[in-house]
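Enquirer: Dock chain to chain to rebuild the complex, using the hints, since each chain is given by itself in its own frame.
Protein chains in written order, with the working numbering: chain A, 1 to 338; chain B, 1 to 211.
In case anyone wonders, no lab produced these hints; they're calculated from the structure.
Hints should not be assumed to be uniformly reliable.
To be verified - A short, non-exhaustive set of chain B residues, derived as facing chain A with CB atoms under 8 Å:
1. ALA53
2. GLY55
3. MET56
4. THR59
5. VAL125
6. PRO128
For every residue, glycine included, the Cβ atom is placed at its ideal position computed from N, Cα and C.
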Amino acid sequence: MIRLEHVSKVFTSRGQVVKAVDDVSLEVGAGELVVLIGPSGSGKTTTMRMINRLEVPTSGRIIVDGRDVQEMDVVALRRRIGYVIQQGGLFPHFTVADNVAVVPRLLGWPRAKRRQRAYELLELVGLPPDQFADRYPRQLSGGQQQRVGVARALAADPPIVLMDEPFGAVDPITRKQLQRELRRIQSEVRKTIVFVTHDIGEAFLLADRIVLMSEGRVVQDATPADLLRRPADAFVTEFIGEDRGLRALQYTRLEELAGPAPAGQSPNGVVLPGALSVLEAAREVGKFENATGDGFWVSDDAGRPVGYLTYLQFVALLGETIAPEDTSGKEPAHAVSA
Amino acid sequence: MQYLRDNPDRVLELTEQHVRLVASSILIAMLIGIPIGILVTRVRWLETPVIGAFGMLYTVPSLALFVILLRYTGIGQTTVIVALVLYSLLAIVRNTIAGLDSVPPAMIDAAQGMGMTGLQRLFWVELPLALPVILAGVRLATVAAVGIATIGAVIGAGGLGRLIFDGMRSLDTDRIIAGALVASLLALAADWGLAALGNLLRRDVGVLSKG
Ligand SMILES: Nc1ncnc2c1ncn2[C@@H]1O[C@H](COP(=O)(O)OP(=O)(O)O)[C@@H](O)[C@H]1O
Ligand SMILES: [Mg+2]
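Next comes chain B alone, as it looks inside the complex (with noise of 0.2 Å):
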């Protein structure tokens, strides 16, 4: 506790760090996953190569995808937000998915009876309806970014990891126990935001609830 009370400034920088590297992570993934998400809902047989390719991605320990694209995108920021975004894809991917076929079929069948386009349908019934599951893979993807972040820092990325690496370097347990705290508390923090705004979503839609 004593790191934390005597470099406050520091820890508050390091932290902004790590949530900019998770949520700018993040936010890429949903504009990749959910849209791969939605195609894989139109052309089926998509389903098995794309959840195989990112449940085998997912299956790479951090530290050797980090080096691995460390040979692409060098030392620093970019390479953790790219491994984190590939990551994430399969929790957000296969939530898309879950979400769009949780959508009752007489939902499909009046937005289409009323004359909706497709796109009209996708945006208006379909992807609304789906949210709550799709937040869910978003909520999973995210606990799990906070974690892998802290990796980031040996290779320069910054964010949490640093208190971490440099208390080992230096025998300070107090920096590594701060560093880890935090980043714990983060994700606490992000777990919880994110279900609330789940169960928010969940109330004003009413859907999936009774189910």
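Here chain A stands alone, though its shape is the one from the complex (with noise of 0.2 Å):
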């Protein structure tokens, strides 16, 4: 779990002094996925920076797992947290595997298991280790430097993983298919993540919850479905863009609308995954066309069902979400039919 209590942090340069950041107070949960998202300038990396120590706070407070980082070893505290920046940030004369190793390496593994473990998480980041292992960076494709950064942020298995605009520098197609393999990563390792990024469409994709920055400060602090539904001001509607019905369709979760399943009642008839968008869900529920009962189940990362939508709910939700004041009826009713 992390804290950021009233955190500051002015810089001062030849004379100028800047406020990068003002007065934000947020929290990571144990196991969720935070995206710090806002224009370029307004303080998401250093505020990131700030978790691992790299920025020391003007002032205010972080707090993690209960303790203040500024009390803690610098050293011991960025080897729990995984870090992975920009481009990968790979070192170019080491291979691929030791790149994978070099935390397990600081912290004294024996060289059998690091080995083990570096293979273990190239096949977790889709990148086969007999390939890849003894090959060196620039031997690799921007997206494949991408997923070996991943990995090497994993490879001590740390409780929380700092990601600095970790997909940037790859291909609209790359960045696509490297968000949803983080998804299914982060559904199979669940660690707590604090992810920047300024693209609004990774942000929606990817988070559990969205912090909008502005200038150092924090705009809107709330789940992807809220931020949609009930933007904090004009700028956030703005940041978020015109598209904001199409981006409700497509990045909304069945998990997120999903009631409590009914109690009582098996799973009979149709179940869709929760990480479904209602844009796919539409799609789907459309294939069950001699389906009986009132609505669906959702079903969780297991494939448990755990959740439950009617139909009416389904159709109203997702007039809701994509129109809170106005715009198109015919478009959900269009996709529930499709």
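Expert: Structure (structure tokens):
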């Protein structure tokens, strides 16, 4: 668990005073993926770097697992926090396996165990170890380097991972793929993740919660669905962009909408994964033509049915999600019947 | 060429002496210069005085420096080695600083973020990445040292300078040419060898090859 309490950071360089972070308070629960988003220069990176003490707050406190980071041993703290930086930041003179195993090596793991761990992680991030372990970073594509960057951050199984625009430098198709993989990985490893991006689509795809920053301050701290349905002000609306309705369909997940599973009923008929977006769900629902019942079950990552949505609720929520105050009633109807 | 053909053993012996003079000087200069370079990147205000001092030393003519040093270290190899070390420091210190400065900030960031201590960062990340640039400084210093070392014969340090100065004394042009020729070949060989080593590292490390 990470908690920032009234944290500010002022930089002074060449007589210029910049308030990079201005009284930020926020909390990241265990196993939660929180996205820091905002325009360039809004203080996202600085906020993140204060968590592993690459920057020191000018005022305020940062608590990690109940302890003030400023009072912890800085090297030990950093070895417990995975760190992924833009463009991978891989060491060019280390092989892929050695890059992945840096923190285990710092922690003094024996060689064989490090090697085994590196192989496991390369497997996890979708790089066949036999093929990649002994290559050098420059022999990898940008997307592959990012995967190694993620593997390296996870190597010593840290409870917390910080990611600063990890997919910022790859092409859009690779980026989409990496984002999906990160979601899969996160559902397996359940880390406490702080993820910095300026890509709103990425934020909606990945976040349990989105913290929108501007000029060093937090403008809104909400779930993706709430950010869409209840934007705090015009800045938020504008930042989310024009195609908000479409985004809502794309990025609101069933698990965010489902009600509790009805007691005493067994899940017969339609069960949809909670990770599906509303848009995807609408497509899937259409496939169960002779389904009975007034709704469908929503399952968790392990496939257990944990929630329930009636078709009526689904359509209503669709409408609400997409149009808090106005616009197309036709889109959800169309989507459901598709 | 006649001299070379008639006295291969003598030439070989003097070449060996020469190589030993230069190699030990460069090694000592590296042992002193690289740590000084590292220190300067940590204590930045030292840069101007340190580079200034070594730069000034570099401009002292070699014969003059030998004569000054004679008073402290006497006739023989020690004086030449001390002089060569002093001359070599400029290139080695300067390139150590440049090499460390050329390490991308992202690498420092990653190293720190992973939880490396200062020394781990230095030995695992910064020095390996700076190595090609440091080596270029060593190469520069070595080539210069091969030439300067010939003058060491004047104060009894041996080496290929002996051929040159003996030849001058006995007006034996052939001997002078032999000494100069072998010294030049030695400089070329050192230059080529260190360049090859540098390329190997550059390729292996894969850094700095893009920019
Ligand atoms: N080391 C630094 N020295 C001076 N100013 C800095 C430094 N790091 C960041 N800043 C300034 O702080 C502000 C926030 O930067 P940053 O946290 O990097 O924003 P973001 O990651 O949201 O783009 C910017 O105005 C930036 O110029
Ligand atoms: Mg940033």
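Enquirer: When the structure is checked against the list of hints, which entries are broken? Sort them ascending.
Expert: 1, 2, 3 and 4
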